[in-house]
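Novice: Please put together the full structure from these sequences, using the hints given.
Protein chains in written order, with the numbering used here: chain A, 1 to 244; chain B, 1 to 244; chain C, 1 to 244; chain D, 1 to 244; chain E, 1 to 244; chain F, 1 to 244.
Treat the hints as calculated values from the structure; they're not laboratory data. Incorrect hints may have been included.
Identical chains blur together in the list; that is why a pair holds if it fits in one copy or across any two.
Straight line, CA to CA, 30 Å or less: simulated BS3-like cross-link-like pairs of lysine-lysine [stated by the list, open to error]: (1) 222 <-> 2; (2) 63 <-> 227; (3) 26 <-> 231; (4) 2 <-> 63; (5) 219 <-> 26; (6) 2 <-> 62; (7) 219 <-> 231; (8) 2 <-> 231; (9) 2 <-> 227.
Number of protein chains: 6
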Amino acid sequence: MKIKVINPNTTWEMTRTIEQAAISVKREDTEIVAVSPELGPASIESFYDEYLAIPGVLEEIKKGETEGVDAYIIACYGDPGLQAAREVTSAPVIGIAEASMYMASMLAARFSVVTVLPRIKTMLEEVVANYGMGHRVLNIRTTPMCVLDFERDPIAGMEMLRQEGRRAVEEDDAEAILLGCAGMADFANDLEEELGVPVIDGVVAAVKMAEAIVDLGKKTSKHKTYKFPEKKEYIGMLTSFGSQ
Amino acid sequence: MKIKVINPNTTWEMTRTIEQAAISVKREDTEIVAVSPELGPASIESFYDEYLAIPGVLEEIKKGETEGVDAYIIACYGDPGLQAAREVTSAPVIGIAEASMYMASMLAARFSVVTVLPRIKTMLEEVVANYGMGHRVLNIRTTPMCVLDFERDPIAGMEMLRQEGRRAVEEDDAEAILLGCAGMADFANDLEEELGVPVIDGVVAAVKMAEAIVDLGKKTSKHKTYKFPEKKEYIGMLTSFGSQ
Amino acid sequence: MKIKVINPNTTWEMTRTIEQAAISVKREDTEIVAVSPELGPASIESFYDEYLAIPGVLEEIKKGETEGVDAYIIACYGDPGLQAAREVTSAPVIGIAEASMYMASMLAARFSVVTVLPRIKTMLEEVVANYGMGHRVLNIRTTPMCVLDFERDPIAGMEMLRQEGRRAVEEDDAEAILLGCAGMADFANDLEEELGVPVIDGVVAAVKMAEAIVDLGKKTSKHKTYKFPEKKEYIGMLTSFGSQ
Amino acid sequence: MKIKVINPNTTWEMTRTIEQAAISVKREDTEIVAVSPELGPASIESFYDEYLAIPGVLEEIKKGETEGVDAYIIACYGDPGLQAAREVTSAPVIGIAEASMYMASMLAARFSVVTVLPRIKTMLEEVVANYGMGHRVLNIRTTPMCVLDFERDPIAGMEMLRQEGRRAVEEDDAEAILLGCAGMADFANDLEEELGVPVIDGVVAAVKMAEAIVDLGKKTSKHKTYKFPEKKEYIGMLTSFGSQ
Amino acid sequence: MKIKVINPNTTWEMTRTIEQAAISVKREDTEIVAVSPELGPASIESFYDEYLAIPGVLEEIKKGETEGVDAYIIACYGDPGLQAAREVTSAPVIGIAEASMYMASMLAARFSVVTVLPRIKTMLEEVVANYGMGHRVLNIRTTPMCVLDFERDPIAGMEMLRQEGRRAVEEDDAEAILLGCAGMADFANDLEEELGVPVIDGVVAAVKMAEAIVDLGKKTSKHKTYKFPEKKEYIGMLTSFGSQ
Amino acid sequence: MKIKVINPNTTWEMTRTIEQAAISVKREDTEIVAVSPELGPASIESFYDEYLAIPGVLEEIKKGETEGVDAYIIACYGDPGLQAAREVTSAPVIGIAEASMYMASMLAARFSVVTVLPRIKTMLEEVVANYGMGHRVLNIRTTPMCVLDFERDPIAGMEMLRQEGRRAVEEDDAEAILLGCAGMADFANDLEEELGVPVIDGVVAAVKMAEAIVDLGKKTSKHKTYKFPEKKEYIGMLTSFGSQ
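Specialist: This is the structure in structure tokens:
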């Protein structure tokens with residue numbers, strides 16, 4: 001099967017990291033295609049970046065419809081555009097936040113998320129609430145590092161995650177740690193060993209969820225919410241998103 | 001004061017309807033500027049349309065920053081891009097869904113929303129939950145008419161709203177009706193008279209909320225969630241959304 | 001338009017402070033009438049005071065019906081008697097707690113309340129829950145000062161608010177501060193400047209909400225919950241509250 | 001032990017009915033004193049009546065402090081003034097709504113409330129939410145009969161309760177019925193026999209709860225929320241409620 | 001009346017302690033029979049123990065049906081098997097957690113639970129949520145002592161409860177303390193005196209609730225959820241739990 | 001990898017059906033071992049059956065620890081004993097209810113459950129709430145057929161599911177259907193074709209989730225909640241569940 005992993009930001013170094021993470025856990029017969037959109041922000045650290053990354057994500061989904069894609073993964077922890085993506089394809093589309101939370105829920109009763117800048121906290125609180133995970137999430141821990149800092153200085157990144165991860169276990173009494181950013185997969189295994197609790201990276205969780213769903217031949221429901229969008233005109237730069 | 005009302009879709013006939021509604025309730029010293037973005041969908045009836053309307057909304061906010069705008073209104077009932085919009089300006093930004101719900105809460109204990117196509121229901125349920133209004137909203141009633149149908153055939157539109165509005169009062173025991181689409185302002189007064197309960201149009205509610213907040217000199221908080229976005233590169237069609 | 005601001009306690013010095021706050025933000029064509037009831041407690045710091053302030057509030061509303069009042073404000077942060085007040089008039093009635101929370105929600109994603117004595121905390125928690133604001137309110141911070149202490153010793157009051165406000169920003173990461181008592185309006189602007197986040201006083205927020213609603217000609221819904229009370233006999237001191 | 005049952009309305013016929021219900025279940029060594037306040041409404045069917053009944057309730061609690069009362073019951077289904085009552089005494093104070101819901105929760109997984117006029121529904125929804133019983137209560141069923149109608153025409157009252165009770169069992173699949181008004185105790189046993197599910201009258205539930213708590217020597221907590229009210233001046237008709 | 005108190009663990013010393021607590025508060029005409037099951041764990045400190053204690057509890061309920069029992073109490077703070085127990089008898093069955101929380105709710109607005117090992121916290125959080133008490137419970141405080149430690153070394157146990165109880169009052173601002181284990185009844189009175197807030201032991205609370213319900217002649221509802229189990233075959237060690 | 005599927009009831013015909021369902025979706029390199037416990041009920045249709053099935057489930061988990069099992073599935077829709085099972089192994093343990101709900105959440109915004117007897121409804125409502133899925137589940141639809149009826153008369157079973165499934169789509173507007181019983185896997189595909197929405201069987205969903213988690217090498221967290229149970233004595237029939 002072919003899984004298209006969309007890194008909603010346009011930093012291809014990060015896309016490569018994500019691709020490596022995805023490939024490292026895929027089954028032999030799974031093909032991973034990891035891409036960044038051709039438009040949008042270099043990283044996502046605000047609602048502004050989040051929403052402006054979505055056109056690129058949707059374009060990649062639409063392209064995927066002619067590329068024989070069996071499932072899509074949106075590889076950014078806010079799951080940007082997830083519900084819209086489900087409208088434009090009948091293939092399953094999986095967000096890394098939801099994948100990580102559902103997987104964590106099958107391994108641990110309570111957990112904490114460790115993520116990037118403090119400003120992202122409100123967005124993740126809403127994500128957690130929308131997935132019904134409010135009673136499971138003990139804390140959303142932020143760091144002073146932005147998304148690309150983890151890419152640029154992985155040693156400092158690891159140290160930061162170690163620090164907050166340890167505090168999650170010791171202060172929150174967290175039973176698992178969720179890495180709240182797509183580029184952190186590299187750190188998961190080392191961190192897990194150090195902290196002694198499951199450390200879940202959303203990208204790898206999502207790859208396995210995608211394989212699971214595709215194996216079953218399940219498709220996105222086209223009844224009510226995720227019906228294909230109504231045909232209509234789009235104008236300006238977004239003309240190509242419309243349909244006649 | 002100058003209030004910029006952004007109709008997130010690109011149908012200028014609807015923008016004119018919205019503008020008229022806004023002007024009809026503004027104070028003498030308030031200037032209303034109603035616009036549609038230069039890019040995006042002709043109407044919004046799915047998560048797809050919703051998200052793809054946001055770049056246009058954000059562009060209009062950014063333009064507004066050099067136009068002496070005192071407050072912005074996002075005139076589509078899903079409040080598309082509201083949180084991102086708050087990041088790019090320190091002027092207040094008000095969504096018509098939130099404005100209508102807060103105003104309704106000061107006039108009625110329980111209410112129902114009447115809106116367009118059934119597929120929009122999940123989106124509005126999430127909006128209601130995010131605003132903490134779940135205990136107040138009795139029902140979200142949909143119609144078989146899409147957004148532009150109300151524009152094209154106002155007589156059928158009025159009849160449909162009358163029908164669902166009446167059922168809201170009789171079956172839900174609704175104490176007020178919220179019109180769940182920006183283009184419905186014209187119908188509000190007649191409907192209110194007929195049904196005998198407050199009928200709230202979001203656009204006019206938002207105009208008054210904007211005047212209220214600007215009068216007080218209050219600005220969007222720039223602490224944590226709504227800080228200005230981090231400077232970063234954007235590519236492709238969205239290059240202009242980046243900052244150096 | 002004429003707005004009657006009812007300070008539910010009987011301390012006229014405080015009523016004057018509240019009146020000044022209201023006048024300072026009213027529009028030119030708005031008339032503010034601020035009163036204390038002729039019966040009831042000198043201040044409200046318990047459920048006991050809260051409930052015993054309500055007869056006076058309702059009497060003032062009833063008087064208002066012959067005074068050409070267009071909207072009422074209940075100026076005590078527990079919004080005492082708000083729902084009953086809505087039953088006895090078809091004019092809008094606005095509580096300062098609801099007004100401040102709705103306004104804050106349009107300016108900040110998360111906020112904290114700073115109020116008087118610790119015993120008031122449970123009451124405000126219930127108010128917050130009833131308005132669906134539980135996910136927005138980070139903390140309800142109390143002080144060792146009672147209501148009238150702020151009146152008597154404004155310098156100490158300001159210092160106390162400054163202290164708790166600063167802790168709200170630094171410890172709760174609050175994006176706005178709500179002043180949880182009607183007599184604190186004087187402190188709002190200075191505090192806002194100092195803390196760098198919006199500081200919302202409920203009285204001024206309520207005045208602007210009232211103007212907004214009256215401008216639109218909206219009335220309290222008389223369907224179901226806020227119907228006029230059934231006619232019936234009242235006895236004892238409260239005989240005048242009955243109807244034949 | 002001496003239990004003072006306060007019927008918050010001033011209709012002594014109803015107080016006698018309540019007293020009979022209380023006496024019919026009390027233990028031999030329990031003394032029941034049932035009273036109506038000397039001030040207030042003849043019946044309670046709105047927030048207006050609810051709040052205006054509270055001064056009378058509080059006066060009766062205060063009188064009780066010199067009458068050797070061991071526990072108080074507030075016998076109206078909205079539990080009017082319950083939290084204030086707990087402030088003015090260290091004896092336990094029990095509301096009939098809470099007593100009936102807690103007792104029902106020990107006998108049935110899900111239940112419905114049958115009560116008087118439709119307008120009361122919002123009030124009872126808030127009561128249910130404040131007691132954390134939202135997941136247990138299937139429906140709040142109203143009737144076209146007001147409080148005193150049940151007193152005046154018990155045959156019609158019984159028929160109405162039978163009808164709504166039956167629909168609660170058949171349509172809601174209710175496992176118990178709660179009688180949402182103090183004057184309905186007489187109907188409970190017959191109804192229970194007819195419907196085949198527990199029918200809980202709040203007055204008798206509260207009497208037994210009161211005996212239970214007094215037996216244990218438990219008192220209302222005087223830490224934080226229910227501390228005695230601060231000493232302060234009251235004026236007008238309510239002067240006697242103040243303290244010097 | 002005859003109340004059968006079932007200590008779900010098989011440590012008879014603890015059953016004796018529980019029996020003493022029950023007897024110390026029972027009414028003269030109440031007979032207390034306290035038992036441990038003939039099968040199951042010596043103590044309950046995990047979901048594993050919890051579930052494996054249930055067959056013994058159910059066996060004791062079934063035996064009770066021929067022993068003239070009027071009400072049952074399940075004396076372990078997780079209320080193990082409570083809903084199943086309600087299926088096999090029409091007598092009331094009361095859990096000590098629910099009894100203590102309902103009683104506490106009539107005496108204090110907010111409270112904390114003090115219990116045994118940290119691992120039990122998730123279980124109690126679920127119990128609290130299922131009873132709708134999430135808004136009342138400030139904290140679930142654990143200790144490093146296991147269930148039987150309190151039995152073996154009551155002096156250390158008392159010291160531990162004193163410590164955590166004091167922190168509950170001082171740090172959580174708790175208005176009452178709930179003892180989250182059946183064997184702690186002995187400590188309640190001393191602790192209450194020391195801390196100055198109600199300290200509620202579930203066993204004594206449950207005895208009084210049972211007396212209250214039996215006095216009223218109320219039975220467990222046999223409609224829907226708590227119907228007698230369907231007749232069916234059981235095999236292996238549990239053959240005797242089946243019916244032909 | 002080896003997945004042990006535990007049918008908590010002792011009806012081996014049903015276990016074979018479940019095994020077939022599991023085998024039909026497993027990957028080539030996955031080994032499925034499906035068992036019924038040696039003790040317990042022939043079917044599960046009450047809390048009584050639910051709890052009495054758990055000892056058998058736990059015994060099978062314990063046996064599995066020496067059988068080289070990589071993951072366990074509990075194949076009954078109430079997920080009986082799931083949390084206890086997680087305590088006794090470090091291998092992942094997956095319930096079919098949670099697996100089906102998490103999978104459905106990635107394919108459909110809102111869904112309904114179709115299950116067996118009405119009495120099971122409360123249990124499933126609690127399961128849904130504990131998994132945070134209350135906002136997604138539109139309805140829990142019951143049938144007059146018990147668990148084994150579906151085994152004995154599959155034609156009637158299919159008809160019943162078709163009927164309720166259709167009503168779920170038409171009346172609830174459900175976007176997916178969850179089969180609320182382990183023995184219904186056979187019906188899923190036909191039903192899905194007929195209804196045009198995803199029909200999710202928990203057993204097959206759980207098999208794929210198990211493969212996903214085992215692929216990643218993730219284990220149940222042994223921090224706090226799911227630590228191995230404390231060593232202790234068990235007596236009677238359950239002696240073998242203890243440890244020295």
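Novice: Indicate, hint by hint, whether the structure satisfies it.
Specialist: Hints and how they fare:
{"no.": "1", "hint": "222 <-> 2", "in the structure": "within (21 Å within a copy, 35 Å between copies)"}
{"no.": "2", "hint": "63 <-> 227", "in the structure": "within (18 Å within a copy, 34 Å between copies)"}
{"no.": "3", "hint": "26 <-> 231", "in the structure": "neither (36 Å within a copy, 35 Å between copies)"}
{"no.": "4", "hint": "2 <-> 63", "in the structure": "within (14 Å within a copy, 38 Å between copies)"}
{"no.": "5", "hint": "219 <-> 26", "in the structure": "both (20 Å within a copy, 18 Å between copies)"}
{"no.": "6", "hint": "2 <-> 62", "in the structure": "within (15 Å within a copy, 38 Å between copies)"}
{"no.": "7", "hint": "219 <-> 231", "in the structure": "within (21 Å within a copy, 39 Å between copies)"}
{"no.": "8", "hint": "2 <-> 231", "in the structure": "within (28 Å within a copy, 35 Å between copies)"}
{"no.": "9", "hint": "2 <-> 227", "in the structure": "within (23 Å within a copy, 38 Å between copies)"}
Against the hints set out earlier in the document, a violation occurs for number 3 only.
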